[in-house]
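Visitor: Residue numbers (the working numbering), protein chains in the order written: chain A, 1 to 278; chain B, 279 to 722; chain C, 723 to 911.
Calculated directly from the structure, the hints in this document are not laboratory data. This structure is a prediction, so every number in the text was calculated from the model and none was measured. Just to be clear, a hint being listed does not mean it is correct.
[To be verified] Chain B stretches covered by chain A per the calculated footprint, using a threshold of three residues with CB under 8 angstroms from any CB of chain A:
| no. | region |
| --- | --- |
| 1 | 323-336 |
| 2 | 514-525 |
[Unchecked claim] PhoX-like mimics (lysine-lysine), calculated; alpha carbons at most 25 angstroms apart, straight line:
| no. | chain 1 | residue 1 | chain 2 | residue 2 |
| --- | --- | --- | --- | --- |
| 3 | B | K576 | C | K899 |
| 4 | B | K513 | C | K899 |
| 5 | B | K449 | A | K232 |
| 6 | A | K195 | B | K419 |
| 7 | C | K795 | B | K466 |
| 8 | B | K512 | C | K795 |
| 9 | B | K591 | B | K534 |
[Said to hold, decoys possible] Derived coverage of chain C by chain B (criterion: at least 3 residues anywhere in the stretch with Cβ under 8 angstroms from a Cβ of chain B; other residues may be distant):
| no. | region |
| --- | --- |
| 10 | 821-834 |
| 11 | 875-883 |
The beta-carbon is built from N, C-alpha and C at its ideal position, and this holds for glycine as well.
This is what each chain is made of:
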Amino acid sequence: MLRQREKTVSWQAGALSIGVHGVLIAILLVSVNWKTKQVATIAEVELWDSLPTLAAPPPPPEPVVVVKEAQKPQPVVKQEPLPKVEEAPVKEPVVDIALEKKLKALEQKKSDDKLKLEESKKLAMLKQEMLKDDQLEKEKLLKDQKQKQQSDAIKRLAQAMLNEDNAAGAAQANAAKSAASAGIIDEFQTKIRNKIRSNVNKSLCGSGNPELKFEIGLQPTGQLNGGPKLIKSSGIAACDSAVERAIMASDPLPLPQDKTLFDQFRNLKLTFRPNDPS
Amino acid sequence: MFEVEFALNIYTNPKKDIKPLMYRLKLTIWCSLLLVSSWANAALEIEISGGGAQQVPIAIVPFAQGDVQENIANIIGADLRRSGMFRVLETGGIVSRPTDVTQIKYAEWAALQAQAIAVGRIEVLPGNRLKVSFKLADVLKQNQLVGMEYNIAPNQLRLTAHKIADVIYEKLTGEIGNAASRIAYINKAKGHYALQVADADGENPQTVVYSGEPIISPSWSPDGTKIAYVSFEKKKPIIYIQSLMTGQRIVLANFKGNNSAPSWSPDGNKLAIVLTYAANSQVYTINADGTALKLLTKSNAIDTEPTWSPDAKWIYFSSDRGGSPQIYKVSALGGEAQRVTFEGNYNLSPHFSPDGKLLAMIRNDGGKFRVALQDLTSGQVQLLSEGAQDESPSFAPNGRMILYATRIGVRGTLAAVSSDGRVKQRLSESGGDVREPTWGPLLN
Amino acid sequence: MNKIMLNKKLLGSLMLALVLTACKSAPMAEKPAAVEDRTAATQSAPKLPANGADTSAIKEVVINSNNSNSALKDPSNILSKRNIYFDFDSDAVKAEFRPLIEAHAKYLLAHADAKVSLQGNADERGTREYNLALGQRRSVAVKKSLNLLGVQDKQIETVSYGKEKATVGCTNDACYKLNRRVDIAYESD
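Model the full assembly from the supplied sequences, consistent with the hints where possible.
Guide: In structure tokens, the structure reads:
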């Protein structure tokens, strides 16, 4: 009784719950690799009675096969060559004041050099460290890049697939939309033609086959923007005037509701052949 | 520690599948670009063939005319309506009565669907004269097209109204109008025959000749001052020329036998006539003073109904030399006649349009006598009237309307049809048995 | 009864007298009228009655109707027939009218000062001038017949009224055919 009065969406809630569980499981299945990697054991303690004969060493653990994606070309990391340190040859000391001095200077120099060397060694080490860090960073970057590239690629692919669908759909939608627009444009082209034609007084156009051309500008209301402009005369003044009056008498011209199509009708070129069979 | 690694296999053969995808993308992009570009550049072109309107809609606003009785706007409107080229609108619903261009509120006339508007006034001048002024304006462009002023005697008011109608007609159609002209015809009543001249709208008829014997074949001189006609007052057909102004007349031809079918040359110096004094009806030319008779046709058949071409080079006539009546032409200087009509087996009564391009005639169409029109350039012929007893086709000065005689029962009446067959009119009958109409030239 | 007969005679004489006076300056034939005995008898002195003279009695003068003018008007005389009828669109003189034409030819040959106007007519169908010419054709045809019988053109004029005298509103040929004719009109008519 009570249950019946409850909301009937309760089944939907149940379904949602199942769905969410399902998603969670899916994620777990997908994202987590349930295979465990066998790591080589460090030690194995066995109690012996006697020295055993040399037994075959236990086979090395099978390396875990890690399938990696296609290698993307790795940026080559140039390792900076360590600075070469040349050791100054050690000379035997000769007792000689000058020599001693020289020696002292030399020794000084030597120690200086040693210092320098040490310093440079330090520097080198530092550099190396830095390099290593750099390398590491670079490697890390690379790795990140690689990963990003991977995921980007995946994304792109996914997007591409989506786009393909969308484009097809959008192209279809666009095509449909432009077809519909073309249909509306045709429809109003005909309406404009019919309205103006109904006002054309061809009895003023003689008995030949005159042709006239006018250009008109329209406002979004369908009203004429300024007067009709005669581009090509029929050769008969009364005919030109009659057709001009026909255009003006047809003001305002019918335009589609959809104002985005107005651009099509902003400027119109009208060609008249009043004595042709309509 | 567990290593968490991705195991992801997206596709088996990457290179193959990426191509169609790229292709499709490219296509979409190009198409969109194309559409966008076409939308952006060209103005929409619309072709319009034919036309649905046949008349110019015009409003003739009642003139301010004080005590002057004759309603000038009505006369103008009736003239324009009769021309078939105008739709004269009812102005009763509009309150304003502009008499000058500056007073016109264009919007309210545009709402009436008018494309042109005529306004004017009549003022009385000292010496019992009238000043008639009018203006014609374009309702859509909202500007004046033409304006005129006339200083007239009161009895010229109708004629002035007709002249105004012709100015309006010409401004809007590019052709001259017909309203300021006259027609002549024979009115038979009570056993007597009256040759009458009236305005083109049938008003103001005046009797020129009154006789107890038949009168036929009236013909206007080109300058509109004289009429030639055939009278039976002496119990045989004799040709007279009478001055309309003075009433004086001379006998042009009274030879033995018939004298009939007078037709003026375009310069008014000669006439073509038909005599039978040699035997059968033949065509002659003669000076307007009755001198210099000259034979033009030679046949053993009936040659009659001569008419000059407007360029004065040819005389067209009917003849049954081929068996049944057809229309022929001969040089005005004489020579061999050539046949002109080849459609229908019975064609009579040729009459030229003022521009010389069209020939009206009467065809016996299976027993019905109907007005036909032949285009002399193309040779095409069309039947314009219904019959069954239509005769005497005569063109208006601008060549657009053809006046002719028809019959209702036993009574003759006048009718008009436009040269393209579109407009048909019956002239108002004021009793009498009317026949032999002929349209005179424009009045100055 | 007698009175009526007297009136009739009187009337007849009056009419005759009128006819005679109404005649225009028609050249009378010089040939003296054939006078019958009757006239001579009537012109002699009246017989006086036996019992005495009655001078109030009216003298009856009877004139012989067989003279040139009355011949043309005499209904019993073929010369009073003046119409020759034609078939549609034709100017051929039909045989049935030959006697009529011969009679008039004879008259004209006998009266050199007599002149006829042959008036052609046509039915109302067609234009006026063409019908004028058609009527003319018929009158010319009659003239030619007269020429063949010896009559000269100076005694004949051919004219036409075309359809001006035609019956209007004919609906069948019985009506139309009455209009396809030539009328013989004497100058003295």
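Visitor: The structure should be examined with respect to each hint, and the outcome stated for every one.
Guide: Now for the hints, and whether the structure bears them out:
{"no.": "1", "hint": "323-336", "result": "holds (count 12)"}
{"no.": "2", "hint": "514-525", "result": "violated (count 0)"}
{"no.": "3", "hint": "B/K576 x C/K899", "result": "violated (30 angstroms)"}
{"no.": "4", "hint": "B/K513 x C/K899", "result": "holds (23 angstroms)"}
{"no.": "5", "hint": "B/K449 x A/K232", "result": "holds (21 angstroms)"}
{"no.": "6", "hint": "A/K195 x B/K419", "result": "holds (19 angstroms)"}
{"no.": "7", "hint": "C/K795 x B/K466", "result": "violated (31 angstroms)"}
{"no.": "8", "hint": "B/K512 x C/K795", "result": "holds (22 angstroms)"}
{"no.": "9", "hint": "B/K591 x B/K534", "result": "violated (29 angstroms)"}
{"no.": "10", "hint": "821-834", "result": "violated (count 0)"}
{"no.": "11", "hint": "875-883", "result": "holds (count 5)"}
Consistency note: the structure conflicts with the earlier hints numbered 2, 3, 7, 9, 10.
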